[in-house]
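Spelled out from the first residue to the last, the chains are:
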Amino acid sequence: MQLPSTPQARALLDRFEDVFDGEIAPRLQARDHERLTLKKQNGRNWFLVIAVAGISAVLVFFLTRDTDSLFFALPTGAAAYWLLIARPTKRLTDSVKHAIFIPLCDALNFTYHLRPDGSNAGYFCELDLVGTFNQSHFEDEVSGHYEGLRFSLVDAHLKDKDDENTRTVFHGLLAAFEMSKNFHGRTIVRRDGGMVGNFLGGIGNELERVALEDPRFERAYEVYSSDQVEARYLLTPAFMDRLLALEEQLGSKVRLAFDRNSLLMSIELNRDAFSIGKLDAPLADKRRLQGIVTDLTMIFDVVETLRLNAEIKL
Amino acid sequence: MELGTLLLIVVVPGVVLYIWYAKLISRRNTAREALSSVDVQLKKRHDLLPNILKLAGRFMTHEKELLEGLTALRVRVDADYDRADPAAVQAHLSAGQELQSGMARFFAVAEDYPDLRSAETISKAQDTFTEAEAHISAARRFYNAAVSDLNNAVEIFPGSMIAGWANVKAMPFWEMENTDHRAAINVDDHLK
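Each protein sequence line maps, in turn, to chains D and U.
At position 239 of the first sequence the residue is numbered 238 (numbering that gives the first Met the number 0), and the sequence of numbers has no breaks.
At position 9 of the second sequence the residue is numbered 8 (numbering that gives the first Met the number 0), and the sequence of numbers has no breaks.
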């Protein structure tokens with residue numbers, strides 16, 4: 000697992016030990032009994048789910064004398080699974096997340112929401128930071144101030160569903176930073192889509208392409224802006240270097256946009272961020288939380304590596 | 000000769016020539032747009048200068064020559080010039096560069112005047128000036144990118160031929176002329 004690299008992130012990790020021992024571990028230990036009970040119940044409930052599905056299929060078969068009616072077992076089984084296994088598990092997962100995030104965020108003066116509304120995801124889509132979606136799921140929003148910058152970070156899973164298929168268009172973190180002043184124009188840093196992808200992406204685009212000097216950056220990204228000078232003011236050679244370094248550090252694809260008074264960023268993880276893992280092992284295990292801390296410290300990595308606090312003094 | 004062959008001989012080169020010509024004109028216009036952006040940013044910096052120089056004049060009584068030099072440079076940069084004439088553009092950009100170097104020298108000299116340094120206005124002015132310089136630097140990158148595209152189109156055959164007919168000229172790059180900062184530093188100078 001990649002460990003936090005910036006000094007602030009390392010400092011958080013040091014503080015995390017204290018917060019974990021003093022506040023999180025007791026809360027998790029208190030919930031461990033629930034976890035064991037749920038584990039036992041789930042083992043029993045699997046038999047119930049199978050029984051409900053089987054009985055409903057047999058009943059329908061006797062009533063209709065039609066072998067196709069056996070498929071009736073599927074929705075009934077799924078409903079029983081949701082009611083008897085998925086819902087209680089989700090309830091415990093939510094409770095464990097609260098036990099972890101509330102003290103952790105309190106220690107950092109951040110705010111935590113388990114089920115955010117994700118209302119600004121449409122804005123990310125408008126800026127081409129995520130693909131077009133019609134199904135969305137948001138979880139674990141952390142917001143607050145860091146180095147004088149107001150930020151929010153949310154785990155998002157966005158899908159595009161049509162008559163036949165459902166396709167994931169984005170699975171990762173959406174980050175927004177509020178700047179002290181408005182940008183004059185709109186500048187978007189997209190992933191490079193190859194010759195054809197870039198050509199198609201440019202069609203109907205109101206923004207102009209910005210050709211930058213760094214060949215490494217140009218290979219990785221395509222920049223579009225309504226203000227050629229401001230785009231270069233924001234994307235200095237040093238900033239370009241740092242963005243490439245950040246992507247390498249996070250091991251994830253990053254897209255960003257400067258618009259109005261915000262810097263918006265999508266970080267593609269292709270997994271759930273802030274995951275607490277499976278509930279098989281004891282809850283108060285520090286290793287379980289390492290992934291959460293790594294995800295949380297991304298916000299420090301972004302601010303520190305890109306030097307957002309120092310660089311963008313618009 | 001068949002009509003089709005004739006069309007092929009006349010029309011295809013005609014279309015190619017027209018596309019090349021359109022590309023040249025559009026790149027020249029982009030370079031001029033970039034030059035205008037440079038001027039907008041230079042103007043912002045020029046607007047800051049009178050106040051800075053006025054305030055400095057009160058304290059830096061022994062630096063009359065430097066202050067007068069800066070005022071003269073400001074007038075030179077402000078002067079109108081022919082944007083279609085590469086030599087005039089070069090002279091304008093060089094004046095802008097000289098003013099930038101002059102201002103860097105001014106702020107360095109201002110360090111020797113504690114009264115001036117402690118004036119809050121000059122400290123704010125220096126911050127705003129640094130900000131303006133960052134914008135000028137961005138405008139310079141835009142200008143140089145546009146000029147690079149234009150000059151490639153003008154200088155690569157058959158662009159060189161078409162540019163001659165269309166009177167499209169290569170434009171000068173805006174390069175950093177002052178290379179003082181690259182010179183090796185003599186540590187002894189700072190330890191006296």
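Calculated directly from the structure, the hints in this document are not laboratory data.
Ideal Cβ positions, reconstructed from N, Cα and C, are used throughout, including at glycine.
Incorrect hints may appear among the rest.
Stated by the list, open to error - Ranges of calculated distance between the beta carbons of each label pair, as one might list FRET restraints:
1. Glu125(D) to Glu1(U): 53 to 61 Å
2. Phe198(D) to Val14(U): 34 to 42 Å
3. Thr4(U) to Phe198(D): 44 to 52 Å
4. Gln289(D) to Asn151(U): 18 to 26 Å
5. Ser159(U) to Gly121(D): 29 to 37 Å
6. Asn108(D) to Glu32(U): 43 to 51 Å
Claimed, not checked - Not everything, but these chain D residues come out facing chain U in the computed CB check (under 8 Å):
7. His32
8. Glu212
9. Arg215
What the hints assert, rightly or not - Below, a list of computed lysine to any residue pairs in the SDA-like style, where the Cα atoms sit at most 20 Å apart:
10. Lys22(U) to Arg306(D)
11. Lys22(U) to Thr75(D)
12. Lys180(D) to Glu132(U)
13. Lys96(D) to Gly203(D)
14. Lys22(U) to Arg208(D)
15. Lys43(U) to His183(D)
16. Lys180(D) to Lys22(U)
17. Lys180(D) to Thr129(U)
So, going through the hints one by one against the coordinates:
1. In this structure the hint that Glu125(D) and Glu1(U) lie 53 to 61 Å apart at CB holds, the actual value being about 55 Å.
2. Restraint check, Phe198(D) to Val14(U): a C-beta distance of roughly 20 Å breaks the suggested window 34 to 42 Å.
3. The hint said 44 to 52 Å for the Cβ distance between Thr4(U) and Phe198(D), and at roughly 33 Å that hint is violated.
4. Gln289(D) and Asn151(U) have their C-beta atoms about 52 Å apart, which leaves the hinted 18 to 26 Å range violated.
5. Range check, Ser159(U) to Gly121(D): Cβ separation about 50 Å, and the 29 to 37 Å hint is violated.
6. A C-beta distance of roughly 46 Å is found between Asn108(D) and Glu32(U), which places it inside the suggested range of 43 to 51 Å.
7. Because the beta carbon of His32(D) sits about 59 Å from the nearest beta carbon in chain U, more than 8 Å, this interface hint is broken.
8. Taking 8 Å as the C-beta contact cut-off toward chain U, the hint placing Glu212(D) at the interface holds, the least distance being around 7 Å.
9. Taken as an interface hint, Arg215(D) does not check out: its beta carbon lies about 16 Å from the nearest beta carbon of chain U, beyond 8 Å.
10. For the suggested pair Lys22(U) and Arg306(D), the alpha carbons sit about 39 Å apart, so the restraint of at most 20 Å is broken.
11. For the hint linking Lys22(U) to Thr75(D), the alpha-carbon distance of about 66 Å lies beyond 20 Å, and the restraint is violated.
12. Between the alpha carbons of Lys180(D) and Glu132(U) the distance comes to roughly 18 Å, so the proposed pair stays at or under 20 Å and holds.
13. Pair hint Lys96(D) plus Gly203(D) does not hold up; C-alpha atoms about 44 Å apart against a cutoff of 20 Å.
14. Taken as a hint, the Lys22(U) and Arg208(D) pair is honoured in the structure, with Cα atoms around 16 Å apart against an allowance of 20 Å.
15. For the hint linking Lys43(U) to His183(D), the alpha-carbon distance of about 15 Å falls within 20 Å, and the restraint holds.
16. Among the hinted pairs, Lys180(D) with Lys22(U) is inconsistent with the structure: their alpha-carbon atoms are about 37 Å apart, more than 20 Å.
17. Under the criterion of a C-alpha separation no larger than 20 Å, the hint pairing Lys180(D) with Thr129(U) is consistent with the structure, at around 17 Å.
Of the numbered hints listed earlier, those contradicted by the structure are 2, 3, 4, 5, 7, 9, 10, 11, 13, 16.
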